[in-house]
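From first to last, the protein sequence lines stand for chains A and B.
Take 40 as the starting number for the first sequence in the working numbering and just add one per residue.
Take 40 as the starting number for the second sequence in the working numbering and just add one per residue.
Among these hints, one or two may not hold up.
Which copy? The list can't say, so a pair holds if one copy fits it or any two copies do.
[To be verified] DSS-like cross-link-like pairs, simulated, lysine-lysine; straight-line CA separation at most 25 Å:
no., residue 1, residue 2
1, K41, K414
2, K569, K380
3, K441, K523
4, K380, K162
5, K518, K162
6, K523, K165
7, K323, K434
8, K569, K469
9, K587, K345
10, K434, K534
11, K166, K534
By construction, these hints were calculated from the structure, which means they are not laboratory data.
Protein chains: 2
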Amino acid sequence: MKQSMTFIPTLRETPADAEIKSHQLLLRAGFMKQNTSGIYSFLPLGKRVLAKVEQIIREEMENAGVVEMFMPALQQAELWQESGRWYTYGSELMRMKDRHGREFALGATHEEVITSLLRDDVKSYKKLPLSLYQIQTKYRDEARPRFGLLRGREFIMKDAYSFHASKESLDETYDRIFQAYSNIFERCGLNYRAVIADSGAMGGKDTHEFMVLSEVGEDTIAYSDTSSYAANIEMAPVVTQYEMSSEEQLSIEKIATPGQKTIEEVRQYLSVDSTRVIKSLLFKVDDEFVLVLARGDHEINDIKVKNVLGASVVEMADPNEVKEIMKCSIGSIGPVNTNVKVIADHAVKYIVNGIAGANEEDVHYKNVNIDRDAKVERYEDLRFILEGDPSPDGKGVIKFAKGIEVGHVFKLGTRYSEAMNATVLDENGKAKHMIMGCYGIGVSRTLAAVAEQYNDESGLLWPENLAPYQVHIVPVNMKNDEQKKLGEDLYNQLKDQGLEVLLDDRIERAGVKFNDSDLIGIPVRVTVGKQASEGIVECKDRRTGESKDVSIEELSSYINQLL
Amino acid sequence: MKQSMTFIPTLRETPADAEIKSHQLLLRAGFMKQNTSGIYSFLPLGKRVLAKVEQIIREEMENAGVVEMFMPALQQAELWQESGRWYTYGSELMRMKDRHGREFALGATHEEVITSLLRDDVKSYKKLPLSLYQIQTKYRDEARPRFGLLRGREFIMKDAYSFHASKESLDETYDRIFQAYSNIFERCGLNYRAVIADSGAMGGKDTHEFMVLSEVGEDTIAYSDTSSYAANIEMAPVVTQYEMSSEEQLSIEKIATPGQKTIEEVRQYLSVDSTRVIKSLLFKVDDEFVLVLARGDHEINDIKVKNVLGASVVEMADPNEVKEIMKCSIGSIGPVNTNVKVIADHAVKYIVNGIAGANEEDVHYKNVNIDRDAKVERYEDLRFILEGDPSPDGKGVIKFAKGIEVGHVFKLGTRYSEAMNATVLDENGKAKHMIMGCYGIGVSRTLAAVAEQYNDESGLLWPENLAPYQVHIVPVNMKNDEQKKLGEDLYNQLKDQGLEVLLDDRIERAGVKFNDSDLIGIPVRVTVGKQASEGIVECKDRRTGESKDVSIEELSSYINQLL
Chain A
40 MKQSMTFIPT LRETPADAEI KSHQLLLRAG FMKQNTSGIY SFLPLGKRVL AKVEQIIREE
100 MENAGVVEMF MPALQQAELW QESGRWYTYG SELMRMKDRH GREFALGATH EEVITSLLRD
160 DVKSYKKLPL SLYQIQTKYR DEARPRFGLL RGREFIMKDA YSFHASKESL DETYDRIFQA
220 YSNIFERCGL NYRAVIADSG AMGGKDTHEF MVLSEVGEDT IAYSDTSSYA ANIEMAPVVT
280 QYEMSSEEQL SIEKIATPGQ KTIEEVRQYL SVDSTRVIKS LLFKVDDEFV LVLARGDHEI
340 NDIKVKNVLG ASVVEMADPN EVKEIMKCSI GSIGPVNTNV KVIADHAVKY IVNGIAGANE
400 EDVHYKNVNI DRDAKVERYE DLRFILEGDP SPDGKGVIKF AKGIEVGHVF KLGTRYSEAM
460 NATVLDENGK AKHMIMGCYG IGVSRTLAAV AEQYNDESGL LWPENLAPYQ VHIVPVNMKN
520 DEQKKLGEDL YNQLKDQGLE VLLDDRIERA GVKFNDSDLI GIPVRVTVGK QASEGIVECK
580 DRRTGESKDV SIEELSSYIN QLL
Chain B
40 MKQSMTFIPT LRETPADAEI KSHQLLLRAG FMKQNTSGIY SFLPLGKRVL AKVEQIIREE
100 MENAGVVEMF MPALQQAELW QESGRWYTYG SELMRMKDRH GREFALGATH EEVITSLLRD
160 DVKSYKKLPL SLYQIQTKYR DEARPRFGLL RGREFIMKDA YSFHASKESL DETYDRIFQA
220 YSNIFERCGL NYRAVIADSG AMGGKDTHEF MVLSEVGEDT IAYSDTSSYA ANIEMAPVVT
280 QYEMSSEEQL SIEKIATPGQ KTIEEVRQYL SVDSTRVIKS LLFKVDDEFV LVLARGDHEI
340 NDIKVKNVLG ASVVEMADPN EVKEIMKCSI GSIGPVNTNV KVIADHAVKY IVNGIAGANE
400 EDVHYKNVNI DRDAKVERYE DLRFILEGDP SPDGKGVIKF AKGIEVGHVF KLGTRYSEAM
460 NATVLDENGK AKHMIMGCYG IGVSRTLAAV AEQYNDESGL LWPENLAPYQ VHIVPVNMKN
520 DEQKKLGEDL YNQLKDQGLE VLLDDRIERA GVKFNDSDLI GIPVRVTVGK QASEGIVECK
580 DRRTGESKDV SIEELSSYIN QLL
């Protein structure tokens, strides 16, 4: 492609509202342009990278036996009402009415649509399993769109759905697509981890997120420093073994703590370590109130509370509820002398002579020994894992990293087939709900994640198989006939050899051309300058920055060596 | 692809609301499925054909120097307000609000978006011309969606936009894209015509529609029986030369025509030929009233009236207005004794002793000779062309055909760049509005047009380069190990040779399999039946219906011969 014929509006300045590297550079290098908050156009360079990501996805999906189709974005409200998501999705779901006043959603995902398509035509277990995917535009009305393509309102997703007559069949497809996803992110050159994620009621091993490691990620990953174990921090079980101290248990006694509300305040006031404080939080668990305890230096994980209690909804009690139930304010509640159900994290059992709220305003207990002084119904793993905790797989210790979620594989089970009554007859002629899986990749987000991982101070550094072009030919001075002619000859010659080539045929200053070239980040730059008359060009590896003068006879083999 | 792994829900019955062949067959053969009125999912077979149409479009666009990009469907209302289309597009434009109450349109086309993208960054004539395209989902809330993909509410379009500093540059790009469109529809195997279309104020030669000839088309094309001339019937100029009859001009006289209102009633009542009747219609032309005359057997074309008078809006006067201006009802108005401005089609000049309304209830004049008895301001070409009229290019006579519009090329001029203030500096440093062209192809509609042209009583008949697969292998009995094994061996073998192969590995009755195969319409069917043990299969050309027994050694070369 000749640069004069395409549209690459590079920017000198970093746009004010672009906070992270990928957002800044994709804008500055002319890969995309914002239309309005959270909505972008892919300009020619961006579209080329997008097409390459899509092609990799298509190849790996086909290999995994998943078949492409294409569903509409405009989805009648009735389907979402059947699944119930019309009522629960909230304002993230974009909604509209047609000319007849009929309600529609702009598809955020397609579980409803695909379930409705299949339930009419797939009536026997013999037609299963079936795995289908599409690459399609999705809509989510994010409250605060940010980070460019990472959190937009209109974006491109690959979404796949599988349908099964048995759990074993789902497991098999899940594993195959898991492998396909690993291949995809590998081929995109991403430093990623497949991370165990929260699947709500489905159990911990039935969903994985594919996270690209990045400081700007919005999720925290807990991973082992020696094994491949990785989990979303919300999901990582704590397997730490605590030891009982040999310290003598003293008598419990009340102690005034005027105005001391937080763990940190109480700890400092009483000059004790936070590991000696019993943190008490009151939760509302499906309309029952439960007091949850943890050690003062630990954070309670409400997803674990929810899973342990098999609850549907877990939320913190509000100050009024605390007052009503515990007869004092939040900073003074505790497990001693209460009728409320108490559960505790394992670590609490090992606190000797601890501090806890006395359920009396501005009063705490000291020398609390939990099994002696309170009634704990269950000890469970209820806290967030910490760096330094042993890895749950028994290998190494936990470290934290930030991640950008680019993919998600999920065993849906019968969540949608039950709500929408999608059944097949089994071997015995009995109707059974189809078992489903769903599998998403953020296509435009993957592009941004690559940009986030591959850049330097001068611009983008595309990995070869995603680069918009492989070679960038830059004649320094297009008004010089020799340079112009050699540039065009090399352009035609390398294109004929099957390379994707961008020719900077613009009449611009050399500095502008070089800056733009570095910004765009095509792997190999061929500079046609003063030595054109001698048949010598400069060949630069964008990644390493290494340059070498190469004769035009050797150019093609030298480029192949670099790529 | 193995049929057991993909989703092809064929139907025995024709869906009740599918009126035309393409709609019926694409549904029955499992290429697509309706989600709701005017909105469809492309199932795996449909998606494959769609991808092939898109690939052809991409290749031809690239060859024509048009560069791909991808713009959003969700477009902020402000852009449409700038162009004015927010107010004029009516209820066909789908509209919605986001969570903050900001208004959006779902893109029906992208003139506004692309103009807004370019105006910020393209500031000099040196950066022009620029031609960009996308393949993208479009939305139009049709009042009466019908004919499946031919008139839907969510559909796929290729839309291109070009930007120029001069009219000559626009002409050049227009011609190049015109040629690309011809190549595209040629490669899709369509019987089409490029037809001169109405371009409103831009003049008659600045827009063409690409029409696929089809009885179910909603447009009428006037074409020459000997040359390549073709125009939308609304646009074809009439070049018929009339001759003055030698009949003697008699004295004009009034004649009672009680209750005779229409041309046909008056003609019969007075026992004259309709060619002797002067048809008079009152139009409101930008707030002025104009009486337009034509011969009784001709239809007045209001687009010609509008163009001839250089008007913005032309509409028929309503009965009340007729009464007020002409002092009688519509059936009795005429050009004699009126102060209203009169224009006439050329043919009217040659009516000798004609009949016309007398502007008096239930009275006509007979022996009207227009130049003697009335004041006609201008004689112009004001009527629709008819079959049998000479072709406007002087070659042959006109015939009519029905067409499906699959493409449109249009010189927009400065319609959008003026409204949205998109300017470049010219050679003299003076700001000038960019001159634009736009170029659309209905991608999903093209698929339907191909299905409409390629079918027979048993199903679809895909041309090779659009067929979802090239070869359909049908083992008659998958429970027979020999047939099963040979089917699978041939499947792998032909795939390895680069052919796209569908294997019907379903355990179904032979009749079901053959019916489905005919319905789907893959060009070559290989039936693996009883002669499998002897290494003989049956090879059928779906188009001609010819079958031949072929040894498996010869199969591959025989297939290549058929394709």
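We went through each hint and held it up to the structure:
no. : hint           : result
1   : K41 with K414  : neither (77 Å within a copy, 62 Å between copies)
2   : K569 with K380 : neither (83 Å within a copy, 75 Å between copies)
3   : K441 with K523 : neither (48 Å within a copy, 52 Å between copies)
4   : K380 with K162 : neither (48 Å within a copy, 71 Å between copies)
5   : K518 with K162 : between (70 Å within a copy, 21 Å between copies)
6   : K523 with K165 : between (65 Å within a copy, 17 Å between copies)
7   : K323 with K434 : neither (36 Å within a copy, 87 Å between copies)
8   : K569 with K469 : neither (80 Å within a copy, 36 Å between copies)
9   : K587 with K345 : neither (62 Å within a copy, 68 Å between copies)
10  : K434 with K534 : neither (51 Å within a copy, 46 Å between copies)
11  : K166 with K534 : between (47 Å within a copy, 24 Å between copies)
In this structure, the earlier hints numbered 1, 2, 3, 4, 7, 8, 9 and 10 are contradicted, and the remaining ones agree with it.
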